[in-house]
Amino acid sequence: MGRLGRITRRAFLVTSVAVAGGVALGVWQAKRDLPNPLEPDEGEIPLNSWVIITSDGYAIVTPRAEMGQGVHTTLAALVAEELEVPWEEIRTLHGPAAQAYFNGALLRAAVPWPDYEITGWKEWLADATFVLPKMLGLQVTGGSTSMLDGFEKMRLAGAAAREMLKTAAARRWGLEVEDVRAENGKVIAPDGRAIPYFDLAAQAADIEPPSDLELKPRSEWRYLGHAMPRVDMVPKITGRAGFGIDVRLPGMKFATVRRNPKLGGRMLDHDPAPALAMPGVEKVIALEDGVVVVANNTWLAMRAAEAVAIEWEESPHPPTTPAQIARLEAAFETEPDSVMRDEGDAVAVIARAPTDKVVEAEYRVPWLAHATMEPMNATALLEEDVLTIWAPNQAPTLIKAKAAALAGVPEDQVEVHTTYLGGGFGRRAETDFALIAVEAAKAMPGVPVQVSWSREEDMTHDFYRPAAMARMKGVVNEEGIVAFYGRVSAPALGRQAGRRLSGVASPGPDRMIVEGMFDQPYGIADYRVEGYAADLDIPVGFWRSVGNSYNGFFHECFIDELARAAGRDPLEHRIELVRRVHEPSAKVLEAVAEMSGWGRSRREGVGRGVAFTYSFGTPVAQVIEIGHADERIRLLRAWIACDPGIALDPLNVEAQMISGMVYGLSAAIFGEIGFEDGAVIQSNFPDYEALRMPQMPQVEVRIVEAGKPLGGIGEPGTPPSMPALANAVFDLTGKRIRTLPLGKFISFA
Amino acid sequence: MAYEIRVNGRTHAVDLPGDVPLLWVLRDALGLTGTKYGCGIASCGACTVHVDGEAVRSCQLPLAEAAGREIVTIEGIGSPETLSLLQEAWLAHQVAQCGYCQSGQIMQAAALLAANPDPSDDEIDEAMAGNLCRCGTYPRIRAAIRTAAQMMREKG
Chain A
1 MGRLGRITRR
11 AFLVTSVAVA
21 GGVALGVWQA
31 KRDLPNPLEP
41 DEGEIPLNSW
51 VIITSDGYAI
61 VTPRAEMGQG
71 VHTTLAALVA
81 EELEVPWEEI
91 RTLHGPAAQA
101 YFNGALLRAA
111 VPWPDYEITG
121 WKEWLADATF
131 VLPKMLGLQV
141 TGGSTSMLDG
151 FEKMRLAGAA
161 AREMLKTAAA
171 RRWGLEVEDV
181 RAENGKVIAP
191 DGRAIPYFDL
201 AAQAADIEPP
211 SDLELKPRSE
221 WRYLGHAMPR
231 VDMVPKITGR
241 AGFGIDVRLP
251 GMKFATVRRN
261 PKLGGRMLDH
271 DPAPALAMPG
281 VEKVIALEDG
291 VVVVANNTWL
301 AMRAAEAVAI
311 EWEESPHPPT
321 TPAQIARLEA
331 AFETEPDSVM
341 RDEGDAVAVI
351 ARAPTDKVVE
361 AEYRVPWLAH
371 ATMEPMNATA
381 LLEEDVLTIW
391 APNQAPTLIK
401 AKAAALAGVP
411 EDQVEVHTTY
421 LGGGFGRRAE
431 TDFALIAVEA
441 AKAMPGVPVQ
451 VSWSREEDMT
461 HDFYRPAAMA
471 RMKGVVNEEG
481 IVAFYGRVSA
491 PALGRQAGRR
501 LSGVASPGPD
511 RMIVEGMFDQ
521 PYGIADYRVE
531 GYAADLDIPV
541 GFWRSVGNSY
551 NGFFHECFID
561 ELARAAGRDP
571 LEHRIELVRR
581 VHEPSAKVLE
591 AVAEMSGWGR
601 SRREGVGRGV
611 AFTYSFGTPV
621 AQVIEIGHAD
631 ERIRLLRAWI
641 ACDPGIALDP
651 LNVEAQMISG
661 MVYGLSAAIF
671 GEIGFEDGAV
681 IQSNFPDYEA
691 LRMPQMPQVE
701 VRIVEAGKPL
711 GGIGEPGTPP
721 SMPALANAVF
731 DLTGKRIRTL
741 PLGKFISFA
Chain B
1 MAYEIRVNGR
11 THAVDLPGDV
21 PLLWVLRDAL
31 GLTGTKYGCG
41 IASCGACTVH
51 VDGEAVRSCQ
61 LPLAEAAGRE
71 IVTIEGIGSP
81 ETLSLLQEAW
91 LAHQVAQCGY
101 CQSGQIMQAA
111 ALLAANPDPS
121 DDEIDEAMAG
131 NLCRCGTYPR
141 IRAAIRTAAQ
151 MMREKG
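Taken in sequence, the protein lines are chains A and B. Everything in the first sequence is counted per this note's numbering, starting at 1 for the first residue and increasing by one. Everything in the second sequence is counted per this note's numbering, starting at 1 for the first residue and increasing by one.
If you're looking for bench data, these hints aren't it; they were derived computationally from the structure. Among these hints, one or two may not hold up.
To be verified - Computed list of chain B residues with no C-beta within reach of chain A, every gap over 10 Å: (1) R6; (2) D28; (3) A114; (4) P119; (5) T147.
Said to hold, decoys possible - Facing chain B, according to a computed beta carbon distance under 8 Å, are these residues of chain A, among others: (6) R364; (7) S659; (8) R692; (9) M696.
Claimed, not checked - These stretches of chain B come out as covered by chain A in the derived footprint (C-beta under 8 Å, 3 or more residues): (10) 41-52; (11) 91-99.
Backbone N, C-alpha and C fix where the C-beta goes; we use that ideal spot for every residue, glycine too.
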């Protein structure tokens, strides 16, 4: 990879042309509009922004953050499928931060309708949302959108390159392009003569691909739809994969950061002398809200950072968890921020209903940290007016723009290298960790500085999953649920994050308060969902599945309560209600019922819970089975059914579904961030635990393909896990726990 | 004062204070970055290495105590060109996702199989309980350990 990774700054001078306008589809237009940011070395011939032919194989630019979700492998498979090259001869590289690699699907979910309803004019509008990421050059990995964005684009990139190569060969032979075929890295003439791609590449690079590229039908796929060996597997199991924290550069210094634990407060005063007296310490750099300590070893820097004497400002936020919850409660007394679902007249139906048919409940979830296994870090080097950043990140073009402003250098003089990410989960869609490294680099010109956060610093300076509350009402009769009225209070994550990342708070209702509640495919005649924006500006961010992570819990626990109040089986009744609206979702529920043997009688001492959510374009149903282990509860088995439209890599879909579920179960059982004196209480894994191997249930995954459009896979496994477990606890114990984490109320083995 | 430590069969002179944990000697002084920092307090297992054949959290072993002992890291048990049997099993089961914890998982599993060539599921769970994986790769880790155990037995 070495030379390919060296994409020089000259390329950035080329790419800094004005923003291209207009709606353009397909790789040819993308190629014309957006300059190819790749600057090849000798022996490397780029045919477009994604495909590079080299003397020893094929390098495919997979410009999304590989944070475990397998994105490099499947993006490469999309290209390789059409390029017609052997899988063993491809390699992938993330490539530079560039407008060419914008994520066109990023804002698709921002439309105010449920995904399953997006057809007709809504489809047209949803498609039009890709213009903004393109204009802004939003190269972001998030929202489970990489496949939605890349499914056509990456195949077209491969097909375009293939046609360029075929044309070059046909010209050389004096044949028509229709007469030659591409196979296994070669172009082949009717008489059997063959030319390897590399020998054609220089000539092909100057050929314009046809605009009417044809993509293979699914029946001819050799890579897509099959389990491909992950391109990152061997490096990751031999300790050779380069994560951000593994960057090593000549002359590099090792640093750490210590910031005001009282979130939002500044540093009022500090005395670096005690730290500077410690071994290996070279410099203490003051930030607005803390210090960076630079040393010749990360551990020495961490110890020295603790020794800096600092006077902190108080936090501007409500300083304790109860004070914050009071703000969530107070929001219910304000005007709703949104009413994104309002069918029938749920309020009137509830008012009219006999009181014994009305069910009311209040739910609460806490703040959560991301706790990626690799703590936050980045490395930066400022040489005169050229800034180079190495960072495990989900938003390289945002980092590039913000870092340029911070360092006072032109944007085209900033180079961002995206390394492997030791977990992202949305935390690394932020830019703070990179900007702190830039601050350090500014203070030490000409010296590369790596700023690694301690686990404690990482956990206490996160952008947290919002704490949230829901007040739910519903009406049932003997047939089932007849009215559903959900009210959700949460900090306005969408507005806060919009302000932070783009400088502008998006106008209108904040969808993230209610996503996962308003957009579920249940056919309930009187159905209303209101969102309330709590007056709380504690830093909040995108936590795997975002708003769905709390609304999935609220919605699916309450559906369970209502179904049981109606005397209906919670799984059967879900199938009935969902089938009225979205058949593929009903099939997913049927699949999970069949897999888990739902209708059959249960063993004594075993409880089961079901939940269903539709998020990021993918309906997922989970059944979780639990049992007693002495006085505690043990997770026994779990079944997951999902419909991502097309399982582009079934083994990876399985991995992501399980991964999403485990992330949610960790939160459901253990996850809680609390505040005292304006600071986060939890600081490391002993007080912010996660599921460990002995707690891991046996899991079975089934992928249903009922013909729905392509959906995401990285996040949709998370939302149903928490309610499925809470519903199982009720099934087993008769205890309806409406506040997470469950581990505060019952013990888990 | 400089310490001499032996890592993956090679001796290195390290000029760092004796209380610097082995983890940070490996990563920052020797450039052996396969061993990961996750928590610094022995609660996640990402920094697991072998010291005299035992799985040890390298974030808890000071340099002064590591000196003179036989240390093996993930870089020492196999390479991309010549995977160890255990790594072959990891590859076959496509275990890793983000991959950050996997060095520690593999080192822990290697120590388990060296001590117990045919572990039961409960023994696997118990041995691996200290190794956190936020991606939830546990089912595939279990499967890979079982496969590796079988491969090792067949090989004799």
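Taking the hints in turn, this is what the structure says about them:
Distance check on B/R6: its Cβ is at least 18 Å (rounded) from any Cβ of chain A, clearing the 10 Å threshold; non-interface status holds. With 10 Å as the threshold on Cβ separation, the claim that B/D28 sits away from chain A is violated: the shortest Cβ distance comes to roughly 5 Å. At roughly 18 Å from the closest C-beta of chain A, the C-beta of B/A114 stays outside 10 Å, upholding its exclusion from the interface. In this structure B/P119 is separated from chain A by more than 10 Å, as the shortest Cβ-Cβ distance comes to about 12 Å.
Consistency note on B/T147: stated as away from chain A, and its beta-carbon is indeed over 10 Å from all of that chain's, at 13 Å minimum. Taking 8 Å as the C-beta cut-off, the interface hint given for A/R364 is violated, the closest approach to chain B being about 24 Å. With a least beta-carbon distance of about 4 Å to chain B, the hint placing A/S659 at the interface is held under the 8 Å criterion. With its C-beta approaching chain B no nearer than about 5 Å, A/R692 sits inside the 8 Å limit, and its interface hint holds.
Because the smallest distance between the Cβ of A/M696 and any Cβ of chain B comes to about 4 Å, under 8 Å, the interface hint for this residue holds. Counting residues of the segment 41-52 of chain B whose beta carbon lies closer than 8 Å to any beta carbon of chain A gives 4, which reaches the threshold of three, so the coverage claim holds. Here the segment 91-99 of chain B counts 7 residues with a CB under 8 Å from a CB of chain A, which clears the bar of 3, and the coverage holds.
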